[in-house]
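Student: All chains, full assembly: derive it from the sequences and hints.
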Amino acid sequence: MALKNLEIGLAGERAAVEHLKSKGYSVVAQNYEMPMGELDIVAKRRGKLYFVEVKTSIETHREAFSPEERVDRRKRRRLQAY
Numbered sequence: 001m002a003l004k005n006l007e008i009g010l011a012g013e014r015a016a017v018e019h020l021k022s023k024g025y026s027v028v029a030q031n032y033e034m035p036m037g038e039l040d041i042v043a044k045r046r047g048k049l050y051f052v053e054v055k056t057s058i059e060t061h062r063e064a065f066s067p068e069e070r071v072d073r074r075k076r077r078r079l080q081a082y
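Take 1 as the starting number for the sequence shown in the numbering used here and just add one per residue.
No lab work stands behind these hints, which were simulated from the structure alone.
Quick list of the computed label-pair ranges, beta carbon to beta carbon:
no.	residue 1	residue 2	range
1	G24	A2	32 to 40 Å
2	V71	E33	13 to 21 Å
3	P35	I58	27 to 35 Å
4	R77	V42	12 to 20 Å
5	E33	N5	17 to 25 Å
6	R46	A2	36 to 44 Å
7	K55	S22	18 to 26 Å
The calculated PhoX-like cross-link candidates involving lysine-lysine, where the alpha carbons are at most 25 Å apart (straight line), are:
no.	residue 1	residue 2
8	K44	K75
9	K21	K44
10	K55	K23
11	K55	K75
12	K4	K75
13	K44	K23
14	K48	K21
15	K55	K44
16	K55	K4
17	K48	K23
18	K55	K21
19	K48	K75
What you are looking at is a predicted structure, and each value in this text was computed from that prediction instead of being measured. Every residue gets a Cβ at the ideal spot worked out from N, C-alpha and C, and that includes glycine.
Tutor: Laid out in structure tokens, this is it:
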């Protein structure tokens, strides 16, 4: 992964953490390693855990950046396994 892409991704994760905190979530873990992959953010609110996959882009057009399409079937299956 190019350094610029890594920086963009880290900026997106920081923004996501701040957004979650502003909405009353506590961040339990970031970049949590599991046998099947990594979870970007694990957050908690009102006794429930939330697993957050962060997708960041510098594109501003919805057509160019569709977050739900960027979590592919393989990633969804791995998340559902837990």
